[in-house]
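S.K.: Spelled out from the first residue to the last, the chains are:
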Amino acid sequence: MGLLSRKVTCNSHGQDSSYFLGWQEYEKNPYDEVKNPKGIIQMGLAENQLSFDILESWLAKNPEAASFKRDGQSIFKELALFQDYHGLPAFKKALVDFMAEIRGNKVTFDTNNIVLTAGATSANETLMFCLAEKGDAFLLPTPYYPGFDRDLKWRTGAEIVPIVCTSSNGFKITESALEEAYQEAQKRKLRVKGVLVTNPSNPLGTTMSRNELDILVNFITDKEIHLISDEIYSGTVFSSPAFISIMEVLKDRKLENDSQVWERVHVVYSLSKDLGLPGFRVGAIYSNDPIVVAAATKMSSFGLVSSQTQFLLSAMLSDKKFTKEYLSKNHKRLQKRQNKLVSGLEKAGISCLESNAGLFCWVDMRHLLSSNTFEAEMELWKRIVYEVKLNISPGSSCHCTEPGWFRVCFANMSEDTLKLALKRLKSFVGSITINNQSHQELKNTRKKNRNNWVFRLSFQSFHDREQEER
Amino acid sequence: MAAISKIATGNGHGENSPYFDGWKAYEANPFHPIDRPDGVIQMGLAENQLSFDFIEKWLMEHPESSLCTAEGVDKFKETALFQDYHGLPEFRQAVAKFMGKVRGDRVKFDSDRIVMSGGATGAHEMLAFCLVDPGEALLVPTPYYPGFDRDLRWRTGVELVPVVCESTNDFMITIDALEAAYLKAQEAKLRVKGLLITNPSNPLGTFMNKETLNNIVRFVNEKNIHLISDEIYAATVFMEPEFVSISEIIEEVECNRDLIHIVYSLSKDMGFPGFRVGIVYSYNDVVTNCARKMSSFGLVSSQTQQLIASMLSDDDFIDNFVSDSKDRLFKRHKYFTWSLAQVGIGSLNSNAGLFIWMDLRKLLKEKTFDAEMELWRVIIDDVKLNVSPGSSFHCHEPGWFRVCFANMDDNTMEVALSRIRNFMVKHNETVVPPRNKLWRRTSLKLSLSRRMDDFIMSPSILSPQSPLPQSPLVRART
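Here the protein sequences come in this chain order: A and B. The letter at position 302 of the first sequence is residue 302 when you use the UniProt record's numbering, and the numbering goes up by one with no holes. The letter at position 315 of the second sequence is residue 315 when you use the UniProt record's numbering, and the numbering goes up by one with no holes.
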């Protein structure tokens, strides 16, 4: 249809990815303890459902915030009219204080440098519009959040070039990987405008080491490009090592006065993961470059945070007793829950990347693949979705270069549901193992007696397959 | 040094227009009856502040509509988690019903076509992204809302081509004007993808009759281009005849529905600009699906969706609210235009919107936009009113100004009117020969007594208005 824009007809919205297809399957047959106990358990949604009771208890103790009142007076009218893209000052103050608290108050944030946006989705897109021209590229370490394909590229026309990270070193960013990505971009005749990292990482669930952060700072200094640090999971760090924010690194390296680097570092934040409020659409851009702040502020007109929500959250986040209690309890619960997932997987003979943050684990199912290929990964994934009835996210949807890794969320369900999910997985793995053994026997005796539900094994050699995949 | 994008450093945000200069003057010295009685009165902001008391009463009677009260908190968790870009079904249904009501229930809206956006601002940009490629164009009748320059063009790369409307026929859109604009676009080698109309019009305060709408529908079908109808002011039609929406027209005349898209919002009709409730309603399935995906960039807070769902599904309340709101707008509009007429200021006959299109052509030193700017500076600096000059709306004739009347209480309105009267008296003294002075003084006296007779019993004058904003929220804006 030549009558619509190219954006409508292209695939850059990214929703044909398996990441979203799994969700669709879940929607058709969602698990419910009572109504649909055989349904698909959602483990593909990085939500934090563990601490709502703390939020609800705060609400019960603070009825004024709830009902548009301040000091007994109704301020409904003022809120309903407040559409200033500079945001509610009290909310911005509460938000930057909260961000500082999450970073152990090792850094402080200036309210003049923060821009409120409708979720991190909008924040990331807005930063792209501010920093990149159509056709410019940003380098992103793989694996990365599938939504970036849409958020960074779709309407902006920007490109993503991957910084390939591998399991050989726990998927850490290396200097050579950065250089290779940069060269790759040049080969594709793309001008590199910056690097975007998610720290803590989605889907890895790990925090970046100081060494990695130093490497990044060196790299962007050398290449004179931007660095965006999406720190949306900064409040979910539940065990050591402690979270190190990019701002802390800049401060430690005394780069505050080096405007060349200082002004090229931007942070993205949101309350969707730390506070578990994705529905409220609260995102933020923090930049040390006043021009970026000014431009992003104007652009935020396209996705402001509802004043009703700003008011509620400014009251909540200004309550320091609440934030302290919430952060501490939330961390404990996340840690406990992650431990349950990790040990449950271990019992099923499945290991994960060691993680200390996030709402998910990066799970290693390479040993369950029929071959070291993405085709085999897809096969395994389909079985897990349709037979085991768990929606987990295949590594390929996160642009992982090694097949066999899956992101499995643990904080968006009750403990009982998690137990059930692990039980299902354990019996599935058990059945594969049995079937693999028996298939080997069959193979050896050259008898082909296949059942439909046994793995379809490929007979090509490992090398042939690999070449095909490239 | 890593550059920032051209979009970020350029002027596409449009804020260097005089439309915003006036706001800046207001921000620097805002009127307050006690703290700053000589401050600038804001008449450049099209807000509907006349009916908040109704809403507040409803809120107090319905604590369950808020997620955070004891009555509503059992919905807190599921709502806080709800980020589905389809939107809460109750929200979509309530909005669809409301849109139908505002059109006298002459048409029904399908809740599955309701797509959220970050206000109408977000809706416009989203539709531009869906319908138009960079370098292509949309036709827009002048005068038009200055924000369109940013919303439709800034990040999209889309061009706007004006459809010139003139005072000779009350700025109505004619087929000739449409054809001329289309031709001009072709000459400039711009591919026209659509026509955007605002109906009721901002800044005119008028709405289109059936004949005009039929012509427009015929035009877009002939040219096979899209029609975006921004109906953000639909419920502000305060006087007969009734508003006719594009949604009604397409039921009556032949039209390719894939070309028709409506933009809506609760910012003007309900007075909730802070809640960022924008709606895209397209009759084109492909566009609806794409817009829905794009709405991820500007979803409505689920907390707000919940509140709105609750409020808009209260039929009795909404019916009363809409009719009471129109009543107050009517009274305010009547008083304001009548008072202006008393001092010789006319405006375009209007029956909708939150503003009037004021005619100050005879006050211009000469028929130029420079003269309009001069006059405007006088109004801002000396009369201390922020009004919006017609040039910022791309009006082709100098001397017109948009003046908002619904964003202040009665007292502030009186102060504004007295300033206007003083200004006109001074102006007439310098311009008009002395023998008319007597007449004017008499008519002023007459106007005062008339005012008392006609309006003394009007509840909107005598009843205690809500306290003037004194909260830090407002102070924070300055």
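These are computed hints drawn from the structure, not numbers from a lab. Warning: the hint list may mix true and false statements.
To be verified - No farther apart than 27 Å at their CA atoms in a straight line, the calculated lysine-lysine pairs in the DSS-like style are these: (1) A/K329 <-> B/K334; (2) B/K57 <-> B/K6; (3) A/K298 <-> A/K324; (4) A/K38 <-> B/K75; (5) B/K77 <-> A/K340; (6) A/K324 <-> B/K77; (7) B/K101 <-> A/K389; (8) B/K57 <-> A/K298; (9) B/K24 <-> A/K28; (10) A/K69 <-> B/K293.
Owing to the predicted nature of the structure, the values given are computational and were not obtained by experimental measurement.
S.K.: Would you mind marking each hint as holding or not holding in the structure?
M.R.: Quick rundown of the hints versus the structure:
no. : hint              : verdict
1   : A/K329 <-> B/K334 : 60 Å, violated
2   : B/K57 <-> B/K6    : 48 Å, violated
3   : A/K298 <-> A/K324 : 33 Å, violated
4   : A/K38 <-> B/K75   : 26 Å, holds
5   : B/K77 <-> A/K340  : 23 Å, holds
6   : A/K324 <-> B/K77  : 21 Å, holds
7   : B/K101 <-> A/K389 : 45 Å, violated
8   : B/K57 <-> A/K298  : 34 Å, violated
9   : B/K24 <-> A/K28   : 53 Å, violated
10  : A/K69 <-> B/K293  : 35 Å, violated
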